[in-house]
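Colleague: Okay, here's what each chain looks like letter by letter:
Protein chains: 2
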Amino acid sequence: MKFCSNCAAPLKRRVPPGDTLERWVCEQCGEIHYQNPKLVVGTVPEYEGKILLCRRAIEPRYGYWTLPAGFMENDETTGEAALRENLEEAGARVELSAPFSMVSVPRVNQVHLFYRARLLDLDFKPGVESLEVALVEEAQMPWPEIAFRTVSVTLKHWFADRARGSFTFHGEDIK
Amino acid sequence: MKFCSNCAAPLKRRVPPGDTLERWVCEQCGEIHYQNPKLVVGTVPEYEGKILLCRRAIEPRYGYWTLPAGFMENDETTGEAALRENLEEAGARVELSAPFSMVSVPRVNQVHLFYRARLLDLDFKPGVESLEVALVEEAQMPWPEIAFRTVSVTLKHWFADRARGSFTFHGEDIK
Numbered sequence: 001m002k003f004c005s006n007c008a009a010p011l012k013r014r015v016p017p018g019d020t021l022e023r024w025v026c027e028q029c030g031e032i033h034y035q036n037p038k039l040v041v042g043t044v045p046e047y048e049g050k051i052l053l054c055r056r057a058i059e060p061r062y063g064y065w066t067l068p069a070g071f072m073e074n075d076e077t078t079g080e081a082a083l084r085e086n087l088e089e090a091g092a093r094v095e096l097s098a099p100f101s102m103v104s105v106p107r108v109n110q111v112h113l114f115y116r117a118r119l120l121d122l123d124f125k126p127g128v129e130s131l132e133v134a135l136v137e138e139a140q141m142p143w144p145e146i147a148f149r150t151v152s153v154t155l156k157h158w159f160a161d162r163a164r165g166s167f168t169f170h171g172e173d174i175k
Numbered sequence: 176m177k178f179c180s181n182c183a184a185p186l187k188r189r190v191p192p193g194d195t196l197e198r199w200v201c202e203q204c205g206e207i208h209y210q211n212p213k214l215v216v217g218t219v220p221e222y223e224g225k226i227l228l229c230r231r232a233i234e235p236r237y238g239y240w241t242l243p244a245g246f247m248e249n250d251e252t253t254g255e256a257a258l259r260e261n262l263e264e265a266g267a268r269v270e271l272s273a274p275f276s277m278v279s280v281p282r283v284n285q286v287h288l289f290y291r292a293r294l295l296d297l298d299f300k301p302g303v304e305s306l307e308v309a310l311v312e313e314a315q316m317p318w319p320e321i322a323f324r325t326v327s328v329t330l331k332h333w334f335a336d337r338a339r340g341s342f343t344f345h346g347e348d349i350k
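Chains A and B, in that order, are what the protein sequence lines are. Under the numbering used here, think of the first position of the first sequence as 1, with each following residue one higher. Under the numbering used here, think of the first position of the second sequence as 176, with each following residue one higher.
Calculated directly from the structure, the hints in this document are not laboratory data. Be a bit skeptical, because a hint or two may be false.
[Stated by the list, open to error] Covered by chain B, per the in silico footprint, the following chain A stretches (three or more residues, Cβ under 8 Å):
| hint | segment |
| --- | --- |
| 1 | 36-45 |
| 2 | 75-83 |
| 3 | 99-113 |
| 4 | 159-173 |
Note that CB positions come from ideal geometry on N, CA and C, so glycine has one too.
From just these sequences and the hints, can you work out the full model?
Modeller: In structure tokens, the structure reads:
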């Protein structure tokens with residue numbers, strides 16, 4: 001059972017007039033409660049050819065390695081979200097470059113977006129959601145311990161593009 | 176006043192433990208009701224150098240011209256959302272090419288994403304949210320009657336990239 005956030009009446013599942021999908025609808029105040037995917041935004045922070053990774057201090061995937069990233073908040077741009085997540089998770093100051101990868105994960109209703117970024121100094125330190133933060137070169141990448149496929153896909157594109165000598169934008173789906 | 180969608184208790188604004196921002200929190204069941212930006216996904220559908228535009232039959236910007244685009248739904252990828260919106264708004268079948276532009280609009284908590292696309296046939300027709308649908312060439316673009324800045328910015332990049340002979344991905348903010 002779900003309730004209306006405006007008037008606390010019970011919600012019903014039905015297709016609103018002119019719509020094609022079932023929604024949570026309030027029959028008391030008429031509000032339609034849409035549910036939409038969330039954006040997760042982060043970076044691939046590079047320093048002298050190494051990539052900054054965070055080891056997760058939270059579930060899911062506690063103890064696994066990831067790129068600095070997190071849910072985009074209201075009132076910010078994707079770039080601001082990327083900078084904020086770098087600071088929060090890795091205490092890392094970066095300069096953003098172009099958007100690099102965008103990966104849809106419909107199973108969890110998320111779209112993950114990563115920017116290329118240049119780490120500005122070595123004064124990084126784990127935030128409350130990270131156990132440790134480290135600069136890792138390609139040969140030392142802990143592939144079996146990467147937390148999410150969106151992250152391993154993004155890192156693989158990054159190393160492949162670097163090897164080619166040219167970075168492009170990558171759109172992908174994980175189904 | 177807002178209410179918990181799980182238990183119908185009144186919500187309070189406060190900063191949850193370990194968080195840095197105020198959220199809508201239920202003090203009865205403990206649920207934190209996050210609010211996040213929404214993705215709007217569409218295409219720049221091209222046919223023999225002309226672009227398919229829709230004239231809006233709904234507010235906001237009733238009567239103004241736009242690209243086929245709309246809110247991404249749960250359970251779909253960004254590409255699936257783009258194809259669905261082309262069909263719903265313009266009855267248009269397209270083949271998607273690469274993601275082309277991504278524009279943050281923090282004032283309305285949205286991120287707009289447009290793919291390049293090739294219109295597959297001329298059997299398009301307005302959906303319920305469009306007054307008319309038309310193929311428009313650059314010289315005839317109704318610039319003062321474009322519904323949204325995300326759309327005019329995207330169209331301007333598209334024509335500039337075409338003039339250069341090379342399309343790239345564009346990340347932008349509208350503040």
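Colleague: Going through the numbered hints above, which ones does this structure break? Give me the numbers in ascending order.
Modeller: Violated hints: none at all, because every hint is consistent with the structure.
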